[in-house]
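Knowing the structure of chain H, use the given hints to seat chain Y on it.
One line per chain: the protein sequences are H and Y, in this order. So in the numbering used here, spot 334 of the first sequence is number 334, and the numbers just go up one at a time. So in the numbering used here, spot 146 of the second sequence is number 146, and the numbers just go up one at a time.
No wet-lab data here; the hints were simulated from the structure. Certain hints may be false.
[To be verified] Per label pair, the in silico range of CB-to-CB distance: (1) H:V322 / Y:G120: 55 to 65 Å; (2) Y:N343 / H:V37: 42 to 52 Å; (3) H:V322 / Y:D277: 48 to 58 Å; (4) H:G103 / Y:L320: 21 to 31 Å; (5) H:G303 / Y:G120: 50 to 60 Å; (6) H:E212 / Y:A181: 45 to 55 Å; (7) Y:V207 / H:V312: 48 to 58 Å; (8) H:R96 / Y:N343: 27 to 37 Å; (9) H:L30 / Y:K341: 47 to 57 Å; (10) Y:V207 / H:G319: 31 to 41 Å; (11) Y:N232 / H:R310: 53 to 63 Å; (12) H:H11 / Y:N232: 51 to 61 Å; (13) H:L140 / Y:G129: 27 to 37 Å.
[To be verified] In silico contact screen, one side only, chain Y against chain H (beta carbon under 8 Å); selected entries: (14) N56; (15) G172; (16) D216; (17) F220; (18) A224; (19) L227; (20) S229; (21) H230; (22) N232; (23) A246; (24) R249; (25) T253; (26) R272; (27) D273; (28) E319; (29) G321.
C-beta atoms are modelled at their ideal positions from N, C-alpha and C, and glycine is treated no differently.
What follows is each chain in one-letter form.
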Amino acid sequence: MTTTLTPPRTHPLRRGLTSFVRARETSILLALILVIVAATAVNPNFIFSSDGWRDLLLTPSILILVAIGQAIVIITRSVDLSVGSVLGLTAYLTGRLFIDIPGIPIVAVFLAGIVFGGLLGLINGALVAFARVPALVITLGTLYAYRGINVLWAGSDRINASDMPKDFLALGTGSLLGIPLLTIIALVVLAAAGWYMRNTRGGREFYAIGSEPAAAELYGLKVTRRILIAFVACGALAGLAGVLYAARYGTINSQAGSGFELDAVGAAVIGGVAIFGGSGTVWGAALGAALLLTINRALPILGVPDFWQRAVVGALIIGAIVLDRILALRQTRKLLEERDDTHE
Amino acid sequence: MLFRTHNTRKTRTAAVAAIALSLALVATGCSAESGTSGGTDGGGDANLAITFLPKNLGNPYFDTSDAGGETAIKEFGGTFAEVGPVEATPDGQVSYINTLTQQGVGAIVVSANDPKAIGGALTEARDAGVKVVTFDSDTDPEYRDVFINQADAEGIAKVQVDLIAEQIGDAGEVAILSASANATNQNAWIKLMEEELATNHPNITLVETVYGDDDDQTSFDKTAALLQSHPNLKGIMSPTTVGIAAAARYLQTSEYKGTVALTGLGTPNQLRDYIEDGTVTAFALWNPADLGYLAAYAAKALIEGDITGADGDSFDAGELGEFTVGADGVVLLGDPFVFDKANIGDFDF
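So that you can see chain Y by itself, here it is in the shape it has in the complex:
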């Protein structure tokens, strides 16, 4: 899950899975061939060979983001490649980074599986002159040149409040269906959502926040309880991909379909059915294709020496326009992207 914070049970399961995985990897002789030619020079004297290293291969989210990167790299005439482990394990990316360093690519664009585990390998890469861009999931700042941040907390909170306000006519009772009660991301967003509601939407009352623990069944039952205990409820916001899908599934066959609005953060594949039958009008997430596109342009700017990753550097990112590097070498993609009936067909992740 994109927004899951692990609780102990899941961590334990994950640990077992990790053991099973490492056994499987050993057994298959660490497969996942690195199908790249890497070190060929792109155009001019700059080495525009840019390799994308997602958390794992075969993940539709990264397929979309890396396709965005490929589009950008074709635009400016560089060489695109994609390598990565089959499974998203903390140190699974290290060997790929080492290989890419030896091949002498211009830049590595990586979504880190762990903020520290790949730090050593990235440092070696940068010592060898390879530029490092992180996207989607950052490492500690000292290991990379820039980080392409998909969305900031303010933007995520605001887009959900805006969507629900628009769908319920800016007045009435709303509720929040969150992940677990101690989920850091969600709690930060919910706090900002409350502030946004209080300052800009005085006629909307937040009646309750419930926690579905990022579990389908719990989220499902909590949705039912919300609808029953608040007969005047007009909208539900769910800032978690599991929650919004479960709530949509409940609403789809409920008597409240069409009268209670639902929005939040979700992925197009997950919510396609519910958008098509009108259970959900619109929801938000960032656009992974834009994220990859921007990351590729940032890599180009680093390779060509236009930016160094310092605060205030600015660079051109093709169709997306001009971007400026913020504090700690972070580049913000922008406001979250809103998916609705009109555009959901363009996405597959």
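Just chain H, with the same shape it has in the complex:
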């Protein structure tokens, strides 16, 4: 909550432009464009082939969904490390539903995945909200517990592409007017979450809780309920991502989605969501996800050896956090100065 002081009166369009240029998200967008331009300069196929264009949009879509949920949770000053396991479990559930209930409608599978993910999120949220244990510890526990259940359930079994209906698998790779279906789903969810977080009372309460939980409580906000909602939303989005994971990759074993939690937290942090809550946007997290995965795809094309690619991603995350800290300090100083000025 850093924009509470009265803004200077300027033309709305100009104000909009200034805030766009100043926004954290803009720098991420620029970085993303830079990566795409560099990779395309080296290899025009990066966007100018049908595969390249599709992959550019398709690859980040699943992570964007998970990162949106993660951003909402982080904004409330929690973290959900179990999203990778939730994704894996729902992906396996998706495959099992198609095998065990032949002819089940695809919509029902989507609903089942979302509800199941939401339930797993509810468990996280309840443990965090009622047991008052830091989310880091709780979700680290459920990260392993959910994965354990997955291993127990799936064992060495594997869901194969031939086990799932063709129509469903086509969702994972198909496109509409040159835009992959998965990307459309991700963008719709993103727009809805972005609008909710920015424009509604409920959305702003997430920020209030993340900025100062004690003050939010004193002010009378229903902190417990908000935290539960954040975790359920995060779980449900991871569940949706799990269903789409099954559609896209067509192969699911007990390890599906492991490591996704770190990508999701990384995406949120790179996208300017402060790790201590209270600031950042889901748009930023989505851009962070796109940047993270586009870099992953661009580095091999730019000739960066396999082993260095992770290091680059790590440097990016550290850079984002340092930048975040510097900006926060500068902002605080500026706000203090402005306050002092008005008091004089």
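Relative to the frame of chain H, chain Y by itself:
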């Protein structure tokens, strides 16, 4: 995964899973009934009661191999049985081995979950006169009579190179999509594949080896990167079941489908779709049914005293012909089996 080498994250997850598992096993009172009559004598004076003990039950791979064993045992008039734990834990097989020893079966044919953990139980079994054959996954050599090896590294490397050479007309650029960069099996195979390419296929150039970490998404993205960065690429070899499935899934809807060949090691269930729609023409693995069949005949030969497991012993294995025991009591099944459109319908694992 058949070819996975564990990295730390997976090992940790596995450890948690193991704890969860042991709790579950305790809770269910160590279920998994041993539905066998075991000790009945087969034919003649030899005790041809042969029991298969796979890594775990309900695993399609072992269902196939044990069915092969059953076929063989019916052929020579023995008694087939199959027991095993529900989950593939290191010591989960010990209690089954002890029970089979008490029942006095003729031979145990086991795919070991751990090279050492079941050693003590197997030694007791052999002291009691039970013959021990390992297949698919070996124990340390001192714990068993013979090991039926599904394929050797040379055979695995050669079949993949042969397949890709055949599919791309023995000339052009190829790449390898492997598991993780430190996967022992894959690295050994890749080295042999490189040698095979250099000596017998001078017109094929290996342009790059990339590592998909046996992860669907990573393998998927690495396939995309390979196709983009090598516009003249004609073929991809993936000596890992995860890699080949991910690469096939990418190729299936890519503009390169049909122009870039893909082969490697995979299982029929995993690749059935891609074989049927032409994304993949042929791939290799051993035939688990033959593996079980051969293991059963080896057990029979041990029980009847035709072989002792010494180097150079030879025995008859029905339809598969004559086999010879190699060094360390290892019997090699033979060259890997090639799956294609014509035969994939016969397999379900």
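C-beta pair G103 of chain H, L320 of chain Y: status relative to the range 21 to 31 Å that was hinted = Violated, at about 42 Å.
Restraint satisfaction for F220 of chain Y [CB to CB of chain H, less than 8 Å] | Nearest chain H Cβ about 7 Å off; hint holds.
Given H230 of chain Y as an interface hint, is the shortest Cβ-Cβ distance to chain H below 8 Å?
-> violated (10 Å)
Return holds or violated for the Cβ distance of V322 of chain H and G120 of chain Y against the range 55 to 65 Å.
-> Holds, at about 56 Å.
Can the suggested window of 48 to 58 Å be confirmed for the beta-carbon pair V207 of chain Y and V312 of chain H?
-> The hinted range 48 to 58 Å is violated for V207 of chain Y and V312 of chain H, with Cβ atoms some 23 Å apart.
Per-residue hint verdict: R272 of chain Y, partner chain H, C-beta under 8 Å = Given a least distance of 4 Å, the restraint on R272 of chain Y holds.
For the hint on N56 of chain Y, does the least C-beta distance to chain H fall short of 8 Å?
-> Check passed: Cβ of N56 of chain Y comes within 7 Å of chain H, closer than 8 Å.
Whether the CB-CB distance between N232 of chain Y and R310 of chain H falls inside 53 to 63 Å | violated (29 Å)
Does the Cβ distance between V322 of chain H and D277 of chain Y fall inside 48 to 58 Å?
-> Cβ of V322 of chain H to Cβ of D277 of chain Y: about 49 Å, so the range 48 to 58 Å holds.
Would the hint on L227 of chain Y stand, with a C-beta cut-off of 8 Å toward chain H?
-> Constraint on L227 of chain Y satisfied, holds at 7 Å.
Holds or violated: is the Cβ of G172 of chain Y closer than 8 Å to a Cβ in chain H?
-> Check failed: Cβ of G172 of chain Y comes no nearer than 18 Å to chain H, outside 8 Å.
Between L30 of chain H and K341 of chain Y, does the beta-carbon spacing fit 47 to 57 Å?
-> holds (50 Å)
The structure shown violates the earlier hints numbered 4, 7, 11, 13, 15, 21, 22, 28, 29.
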